[in-house]
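2 protein chains.
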Amino acid sequence: MAAVVALDSLIAALPPGMVVTDPDILAAYRQDRAQDPDAGTPLALIRPTTTEQVQTAVRWCAENRVPMITRGAGTSLSGGSTAVDGAVTISTEKMRELTIDTATRTAVVQPGLFNAEVKAAAAAHDLWYPPDPSSFEICSIGGNVATNAGGLCCVKYGVTTDYVLGLQVVLADGRAVRVGGKQLKDSAGLPLTKLFVGSEGLLGIITEVTLRLLPPQAPACTVVGSFASVTDASEAVLAITSKIRPAMLEFMDSVSINAVEDMLRMGLDRQAGALLVAQSDAPGPAGAAEVAIIRQAFEAHGAADVFDTDDPQEGEAFTAARRAAIPAVEKIGSLLLEDVGVPLPQLPALIGGVADIAADNDVMISVIAHAGDGNTHPLIVFDPDNADEAARAQVAFGQIMDLAISLGGTITGEHGVGRLKKAWLPNQVGPDVMELTALIKNALDPQGLLNPGVIL
Amino acid sequence: MAAVVALDSLIAALPPGMVVTDPDILAAYRQDRAQDPDAGTPLALIRPTTTEQVQTAVRWCAENRVPMITRGAGTSLSGGSTAVDGAVTISTEKMRELTIDTATRTAVVQPGLFNAEVKAAAAAHDLWYPPDPSSFEICSIGGNVATNAGGLCCVKYGVTTDYVLGLQVVLADGRAVRVGGKQLKDSAGLPLTKLFVGSEGLLGIITEVTLRLLPPQAPACTVVGSFASVTDASEAVLAITSKIRPAMLEFMDSVSINAVEDMLRMGLDRQAGALLVAQSDAPGPAGAAEVAIIRQAFEAHGAADVFDTDDPQEGEAFTAARRAAIPAVEKIGSLLLEDVGVPLPQLPALIGGVADIAADNDVMISVIAHAGDGNTHPLIVFDPDNADEAARAQVAFGQIMDLAISLGGTITGEHGVGRLKKAWLPNQVGPDVMELTALIKNALDPQGLLNPGVIL
Numbered sequence: 001m002a003a004v005v006a007l008d009s010l011i012a013a014l015p016p017g018m019v020v021t022d023p024d025i026l027a028a029y030r031q032d033r034a035q036d037p038d039a040g041t042p043l044a045l046i047r048p049t050t051t052e053q054v055q056t057a058v059r060w061c062a063e064n065r066v067p068m069i070t071r072g073a074g075t076s077l078s079g080g081s082t083a084v085d086g087a088v089t090i091s092t093e094k095m096r097e098l099t100i101d102t103a104t105r106t107a108v109v110q111p112g113l114f115n116a117e118v119k120a121a122a123a124a125h126d127l128w129y130p131p132d133p134s135s136f137e138i139c140s141i142g143g144n145v146a147t148n149a150g151g152l153c154c155v156k157y158g159v160t161t162d163y164v165l166g167l168q169v170v171l172a173d174g175r176a177v178r179v180g181g182k183q184l185k186d187s188a189g190l191p192l193t194k195l196f197v198g199s200e201g202l203l204g205i206i207t208e209v210t211l212r213l214l215p216p217q218a219p220a221c222t223v224v225g226s227f228a229s230v231t232d233a234s235e236a237v238l239a240i241t242s243k244i245r246p247a248m249l250e251f252m253d254s255v256s257i258n259a260v261e262d263m264l265r266m267g268l269d270r271q272a273g274a275l276l277v278a279q280s281d282a283p284g285p286a287g288a289a290e291v292a293i294i295r296q297a298f299e300a301h302g303a304a305d306v307f308d309t310d311d312p313q314e315g316e317a318f319t320a321a322r323r324a325a326i327p328a329v330e331k332i333g334s335l336l337l338e339d340v341g342v343p344l345p346q347l348p349a350l351i352g353g354v355a356d357i358a359a360d361n362d363v364m365i366s367v368i369a370h371a372g373d374g375n376t377h378p379l380i381v382f383d384p385d386n387a388d389e390a391a392r393a394q395v396a397f398g399q400i401m402d403l404a405i406s407l408g409g410t411i412t413g414e415h416g417v418g419r420l421k422k423a424w425l426p427n428q429v430g431p432d433v434m435e436l437t438a439l440i441k442n443a444l445d446p447q448g449l450l451n452p453g454v455i456l
Numbered sequence: 001m002a003a004v005v006a007l008d009s010l011i012a013a014l015p016p017g018m019v020v021t022d023p024d025i026l027a028a029y030r031q032d033r034a035q036d037p038d039a040g041t042p043l044a045l046i047r048p049t050t051t052e053q054v055q056t057a058v059r060w061c062a063e064n065r066v067p068m069i070t071r072g073a074g075t076s077l078s079g080g081s082t083a084v085d086g087a088v089t090i091s092t093e094k095m096r097e098l099t100i101d102t103a104t105r106t107a108v109v110q111p112g113l114f115n116a117e118v119k120a121a122a123a124a125h126d127l128w129y130p131p132d133p134s135s136f137e138i139c140s141i142g143g144n145v146a147t148n149a150g151g152l153c154c155v156k157y158g159v160t161t162d163y164v165l166g167l168q169v170v171l172a173d174g175r176a177v178r179v180g181g182k183q184l185k186d187s188a189g190l191p192l193t194k195l196f197v198g199s200e201g202l203l204g205i206i207t208e209v210t211l212r213l214l215p216p217q218a219p220a221c222t223v224v225g226s227f228a229s230v231t232d233a234s235e236a237v238l239a240i241t242s243k244i245r246p247a248m249l250e251f252m253d254s255v256s257i258n259a260v261e262d263m264l265r266m267g268l269d270r271q272a273g274a275l276l277v278a279q280s281d282a283p284g285p286a287g288a289a290e291v292a293i294i295r296q297a298f299e300a301h302g303a304a305d306v307f308d309t310d311d312p313q314e315g316e317a318f319t320a321a322r323r324a325a326i327p328a329v330e331k332i333g334s335l336l337l338e339d340v341g342v343p344l345p346q347l348p349a350l351i352g353g354v355a356d357i358a359a360d361n362d363v364m365i366s367v368i369a370h371a372g373d374g375n376t377h378p379l380i381v382f383d384p385d386n387a388d389e390a391a392r393a394q395v396a397f398g399q400i401m402d403l404a405i406s407l408g409g410t411i412t413g414e415h416g417v418g419r420l421k422k423a424w425l426p427n428q429v430g431p432d433v434m435e436l437t438a439l440i441k442n443a444l445d446p447q448g449l450l451n452p453g454v455i456l
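Order-wise, the sequence lines are chains D and U. In terms of full-length UniProt numbering, the first sequence opens at residue 1 and continues consecutively. In terms of full-length UniProt numbering, the second sequence opens at residue 1 and continues consecutively.
Calculated from the structure, these hints are not laboratory results. Take these hints with a grain of salt, some might be off.
A pair holds if it fits inside one copy or across any two, identical chains being indistinguishable in the list.
The calculated lysine to aspartate or glutamate pairs, modelled on EDC-like cross-linking and capped at a C-alpha distance of 20 Å, are [claimed, not checked]:
1) 156 - 281
2) 331 - 8
3) 422 - 402
4) 243 - 101
5) 243 - 281
6) 422 - 24
7) 422 - 97
8) 243 - 126
9) 243 - 97
10) 331 - 117
11) 422 - 101
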């Protein structure tokens, strides 16, 4: 009964209706897009709008030793916001304020805004927020910061951490701190801003983000090529990245090409073994030179039908095709979505190795990739009603991470470890780094209440 | 006597001659470029060449509770490597191995190499390491990583942390860990690589750095303008940065112009109140458009003799003039070198406020600045034999930091807090962030042996 009384005190401390205990609503907050079948049910759901309300909730949890799961838009692919029985889920979805400061070219945003909303607000002031996860229309900026999310433009423009200048964070004891600010350079004290970006909710709850914005991107030229094999395509990637930094360099294999073509009917080459979509946003003759380098690399590796366009809409159609790959392949079956990355020269070995793992386990694996930075998304397709196939998919999931580690790579390039990948993290980083991680976690959250079960 | 016996065991554990106790040599390792008059004398100097030797030294220090000062090239301007009585100084100057991997476009370097040597090694493979502190010919890459050093190109190309992909670090107990690696994207676990960059030796000793390299920079056009006043020049800066990201945007005031002209005799306008040196490295017509925007901003703010050149040598002469400003002004007197930064719109207020502080304290302060990112270096000139003037210089030093904090800025943009600035850090970041800093420090270095007196 103690827990119920305590929940009453939480309900009383926050505005009416902010603490949700309706089982029907709670059910919708059990899982995220990783759809963990072992997800628990939140003790309560809290949807604050201000930092102070987050502090109230965190103080209550700290006093009552109730774990907290921070949830953004619920689009985590690694189970970063999966509910835990007995834990409160704090959703940032109603924290949606945004201010653009054109003088400092920064955006100060609450975590609940979608990435696409930040982009749009910046664009309205002729500015640009580059990071662009494929899920940009439905993922929150808070989740982007928590996972150090990437996207398609990272190959040239970097990842979320490169754009975070400052944060407000509610610590495990309910104190709110500000780290960093609007200045572009700051060497004052430990780099705490950087420590929180990518910390997956283990060290605090991010309630405000100061983002650096850029002048608008120059119009891009898009080059598309169909290849006979994934090997040809991945070797073309290396030929390009050894010479230039393209603004985008995306890879789709045969399965994803056909799945997207089934969905969008845009005339992709169904016979191709792989497709590359590259962009250059270098202006004028420099852009023409980059397009020529890309075309040359495509043709040298046997690409048929190399096509280039400086029409932004035509180019966006191919980018949209690449972004549609995950939902398109999802129509074939349930997905286990991988996010492994390798140093670029190992890209052919990774893609080839994934094909071997698919064959060995008799499962379909479609590979799409942010090829230009070595970050791949093998999509393991399985029928959830076929227990044997689902088990083989799980085996393949682990083998792909083992492969990436053996190639000197990472088990996650941009999605985060969450709950789904934590069993593989020690193999990648080793016991000393795991201990270092635990030391920092324990120093900042000695009760272990923040996102328990993630990473550690 | 116990300490002497213990030192014998250290000497025995390392190669002959690696542990130095010669007082004449130790004397040269007391101070760094901050020339702290209160510097101690090292108990011993250790100049290892390998990570294993660093581990041996750190284990000995941990067992004997002897503090350790990590020293790179000794160019810290904030006393980051000032010796402490009774502490061992570990110099990385002999850790000078370097490997360039053109396939991943990375450099794996030991910390003792100079920044310029890394740049040169990259250039030999037609690659580019951007960060360029003014001291790049004499500062070490390890020190750059420890302070998250910046430079002139940061306004467009970012600071050291943006180029660090991986590290090997010897922890306070002597264990060596690897964090990050050669992959461009990595969201696996807490962002420990980022935590160590800029941690000023408080959390471990960096023994190897994996750096990201870029394709070579395109040839830059340089635009130079002389302004009647510092206000005109700083407003021209805002006019430029509101439209484009220049590749360089440097500021010199009248004192520094004349000091450089005394030294280099290159024909700078001695009557000017301020000089701006800007660069665009955008290729072709885009570069011409940027040069036009810069020229227009210069002329709109009354610049006389606006000069532009696409001749790299001519451009480099002006960059060299800006880099020469500190040694040139140093010929006038001893310097207290500031490193304050503000959000860009506050730049005129900062530069104006520094002039007021100079007048109030009757000291000469010359301001040079990486103006494009709001990071300024007020140089407080004083005669060390004039105790009253030296005292007034110290007062001005603190007042400039107070001013930067009041303008929402930072006490250090790129030099680090070291020992000289730590008294002001709590005013910038507040008590909660100081406590957070101490929590992390204590978790990783519970005996407090790594660089004691820095930051905390």
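At most 20 Å between CA atoms: does that hold for residue 243 and residue 281 within a copy, between copies, both, or neither? both (15 Å within a copy, 18 Å between copies)
One pair to classify: residue 422 and residue 402, alpha carbons no more than 20 Å apart. Within, between, both, or neither? Result: close within a single copy only, 13 Å intra versus 45 Å inter.
Same-copy or cross-copy closeness of residue 422 to residue 24 [CA-CA at most 20 Å]: neither (30 Å within a copy, 53 Å between copies)
Using 20 Å as the alpha carbon limit, work out where residue 422 and residue 101 are close: within a copy, between copies, both or neither. neither (39 Å within a copy, 30 Å between copies)
Within, between, both or neither: residue 331, residue 8 at alpha-carbon 20 Å: neither (44 Å within a copy, 71 Å between copies)
My question is about residue 331 and residue 117: at a cut-off of 20 Å on alpha-carbon distance, are they close within one copy, between copies, both, or neither? neither (27 Å within a copy, 54 Å between copies)
Classify it for me, residue 243 with residue 101: is the Cα-Cα distance of at most 20 Å met within a copy, between copies, both or neither? Classified as between; 14 Å across copies, 36 Å inside a copy.
For residue 422 and residue 97, with the copy left unspecified, which applies at a CA distance of at most 20 Å: within, between, both, or neither? Neither way: residue 422 and residue 97 sit 33 Å apart in one copy and 35 Å across, limit 20 Å.
Same-copy or cross-copy closeness of residue 243 to residue 126 [CA-CA at most 20 Å]: between (31 Å within a copy, 10 Å between copies)
20 Å Cα cut-off: does residue 156 pair with residue 281 within a copy, between copies, both or neither? Cα proximity of residue 156 and residue 281: in one copy and across copies (10 Å, 16 Å).
Within, between, both or neither: residue 243, residue 97 at alpha-carbon 20 Å: This pair counts as neither: shortest intra-copy Cα distance 42 Å, inter-copy 26 Å.
Hint compliance for this structure: hints 2, 6, 7, 9, 10, 11 are not met, and every other hint is.
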